[in-house]
Amino acid sequence: MALLPALDIGRSGLLAAEMGLNVAGNNIANVNTPGYSRQRVALGAIEPYADGTGALIGRGVRVRSIEQVVDPLLDRRLRSLISDQRQSASRSDQLERLAGVLSDIDEPSLAGAVGAFFDAADAVARNPNGGAERETLLGAARSVAAELNRRNTGLGQLQRGADDRLVALVREGNDALQRIADLNVSIADAESTGQSANSLRDERETALKDLAQTLGIGVTEYPNGTVRVAAENGVVLVDAGVVTRQLTTQTSGNGIDGLPLHEAGVADANGNLLAVPGLFRRGEIAALLDVRDGDIPEAQANLDTLASSLASAVNAVQQDVSAVDQDGGSTVAVPFFTGTTAAAIAVAITDPRRIAAARSAQPGDNQNALALADLRTTAQSALGDTTFQGYLAAEQARLGQDAAQAEDIARASALLSEQVQAQRDAVSGVNLNEEMTNLLKAQRAFQAAARVISVADNVLGELMGLVR
Amino acid sequence: MIGRVSDANTFEFFQRRSVQVQVDIRRLQEQILSGRRLLASSDDPLAAGQVVRSNASLQALAQWDENSEFGVEVLHAQDQSLGEANDLLVRAEEIASQMASGLYSPAQRAAAREEVHGILQGLTTLGNSELAGRRLFSGLALDAPEPFTDPDASGYTAAAAFTGSTHEFETTIGNGGDRVRLTTNGGTVFGGALQAVEALEQALATNGDVGGTLAGLGTARDGLAAERASVGARQAQLTTRASQVKGLTAQEASVRADARDADFVVVATQLAQAQTALQALLAAAAQMKDNSLVGLLQL
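Chains as they are written, first to last, in this note's numbering: chain A, 41 to 508; chain B, 1096 to 1394.
Read the hints as simulated data drawn from the structure, not as lab findings.
Keep in mind that this is a model prediction, so the values were computed, not measured.
Beta carbons: idealized from backbone N, C-alpha and C, even for Gly.
Please note: incorrect hints may appear among the correct ones.
[Said to hold, decoys possible] Listed below are the simulated EDC-like cross-link pairs for lysine to aspartate or glutamate, each with C-alpha atoms no more than 20 Å apart in a straight line:
hint : chain 1 : residue 1 : chain 2 : residue 2
1    : A       : Lys-249   : A       : Asp-111
2    : A       : Lys-249   : A       : Glu-272
3    : B       : Lys-1341  : B       : Asp-1160
4    : A       : Lys-249   : B       : Asp-1160
5    : B       : Lys-1341  : A       : Asp-159
6    : A       : Lys-481   : A       : Glu-107
[What the hints assert, rightly or not] Quick list of the computed label-pair ranges, beta carbon to beta carbon:
hint : chain 1 : residue 1 : chain 2 : residue 2 : range
7    : B       : Lys-1341  : A       : Ser-370   : 20 to 28 Å
8    : B       : Ala-1372  : A       : Glu-107   : 56 to 64 Å
9    : A       : Glu-87    : B       : Gln-1117  : 53 to 61 Å
10   : A       : Arg-116   : B       : Gly-1098  : 47 to 55 Å
11   : A       : Val-499   : B       : Arg-1111  : 57 to 65 Å
12   : A       : Pro-45    : B       : Gly-1098  : 55 to 63 Å
13   : A       : Gly-424   : B       : Ala-1372  : 42 to 50 Å
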């Protein structure tokens, strides 16, 4: 029986234990690294050899591979949920801001300003020739116009914010696409030469998840380790090491603030935008497009309806054929408000004496001021047969309902995403206790292997002594 | 079913939950500080709509209340003037009755005529009454000239004495143009009285038929009484309306409070609950290091 192989066996044990220590150490070091998948050493016995008697004798241990513990199905599911979660969270965030811009539950509010306008009209009706009352009415009218203007500007800023974010997301998406393509090349190179590309795969998975936040994607892995990434409508964005289609934007139409908005799509061979339907069905870009082109314009249209209806109703009273100003002059050609949109509405009257409070030259006549004050409780057909403040109340409830619904969906989506993330972590995450145990196992194995070498060395030493 | 837990997942779980509890605590603190449970319309969309509606209703009710109280003041002032005018007419009737007997000397008739002229002036002054600079019997016009001509002015005739506003002033006290008239044309109110007293004065001046003016004075007094009754009725209507509006205001404020305001008992309890949950979470997180081999092995 030969003793020299015992040294080789001990050596193989030392090397395997060293590798075990390294892998456990690496797992421990990456315990908090986002996207890191734990690794483990796959050991295997070295093929035995037959001695002179025909007996098979083991030759020690070898490291077969460093395996990454992942479940591709969970990763796929998580990517899909990330798209949904990001989309719902972004929509919820945007709608919450929209409801905030148009909030009427705290003062100052548009409903409050409209109410104050009718209060002031009532005060003029109580004292139609009162200079202070007339000035107050003009001031209240200016407050209504200013609040409508402010809300319109707020909607414009919200829309602009969504558009800016869209452009930034397209840039981030392209960065992710390029990173995926580059990592595909590196992974294929490494694995074709038998090296481990585990950390590169983790990096690529992180890039895929980053991309999934932006838009919904489908991922297919090739046998050489590279992946093909396609948008949900089938447009291939990355194929192995090549970004086949970049995301791009181009200006298209103007926003509420009068500045150009951006349309997003993929670039053709010349870098021009190719309008492909269904490209952004999920992900944050989908949410931004929904809110920017749907919810915000709808809210603005409703605001315009209110502004137009208010201006029209007040002007109809002010410009009544029998209405007269404080000097007894006709006000048929003297509108109260100009402009019929929230952006353009303004108070036309500068001289409070031009307010038509009367319908005759009789001193004390307040009939027109009464008609103006009555608008407070008059249903407007343009507003669906509700009063101005009733319309604002309904709009407030609608916006709140939209935001609350989006928040519920976002919460449910986040919960689902958390659950799958927990499942993914259960498979791929690092557990320190487990790694400490692995570390101890490797340490003990190392000590034992060293002991094997030591014993073999002693025995060989004894033999050498006999020879002497 | 999760059969294995990673450290990152465990810590993330604690982090997420403690952040959520802290968000809840912050929100409850805001509710206590602001006194409101409704901080954004998405908190309770229906309640948000209700708050806007209630605010609008309360604004309208406040105006109707103000209008009613203003109307009551105006009508009260009118009632006083009409009461005084009635007293003057009663005195005029007394004089007419006395002088109708024909037993009085010319000097006494002249003295009586002088008193009747004073009554005419008194009625004119009452017709020109003001409340805060506004003519009570001339459409409540502000800073307007006297609506009744001075009886001492040349060419004065009672029939043409009223030159003021014939506008009958109204105020709104409810939905759908629910209005109450506050003034009556001054010429209608005082015209009959002035003409009757003027007739008496002329009869005394011309040694005419004083007794014949009694019927006119009686009719004028009836006219004033009728107007006074109307004023009283409208005053009562406004007082009732003001009382109704106050009741409606209290109800609407209660509806708004239910929709908007925080129940301190509930919020304080929820806050204590959330704080306890946070303490428990932090205590559990602190225990985690003791459940680690890293700690046990003294590495």
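Hint check results:
Annotation: proposed proximity of Lys-249/A to Asp-111/A holds, straight-line Cα distance about 15 Å (limit 20 Å). For a cut-off of 20 Å, the pair hint linking Lys-249/A to Glu-272/A stands: about 15 Å separates their Cα positions. Between Lys-1341/B and Asp-1160/B the alpha-carbon distance is near 7 Å, which keeps this suggested pair within the 20 Å criterion. Between Lys-249/A and Asp-1160/B the CA atoms are separated by roughly 63 Å; this puts the pair beyond 20 Å, and the hint is violated.
About 17 Å separates the Cα atoms of Lys-1341/B and Asp-159/A, which keeps this hinted pair within 20 Å; it holds. Simply put, Lys-481/A and Glu-107/A have alpha-carbon atoms about 18 Å apart, close enough for the 20 Å limit, and the pair holds. A beta carbon spacing of about 41 Å between Lys-1341/B and Ser-370/A contradicts the range 20 to 28 Å that was offered as a hint. The hinted range of 56 to 64 Å is not satisfied by Ala-1372/B and Glu-107/A, whose Cβ atoms lie roughly 41 Å apart.
For Glu-87/A paired with Gln-1117/B, a C-beta distance near 60 Å keeps the hint of 53 to 61 Å intact. Between Arg-116/A and Gly-1098/B, the C-beta spacing of about 21 Å breaks the proposed range 47 to 55 Å. Checking the proposed 57 to 65 Å range against Val-499/A and Arg-1111/B shows it holds: the Cβ atoms sit about 59 Å from each other. Taking 55 to 63 Å as the suggested C-beta distance range, the pair Pro-45/A and Gly-1098/B does not conform, at roughly 41 Å.
Checked against the hint of 42 to 50 Å, the pair Gly-424/A and Ala-1372/B passes, with Cβ atoms roughly 45 Å apart.
In summary, the numbered hints that this structure violates are 4, 7, 8, 10 and 12.
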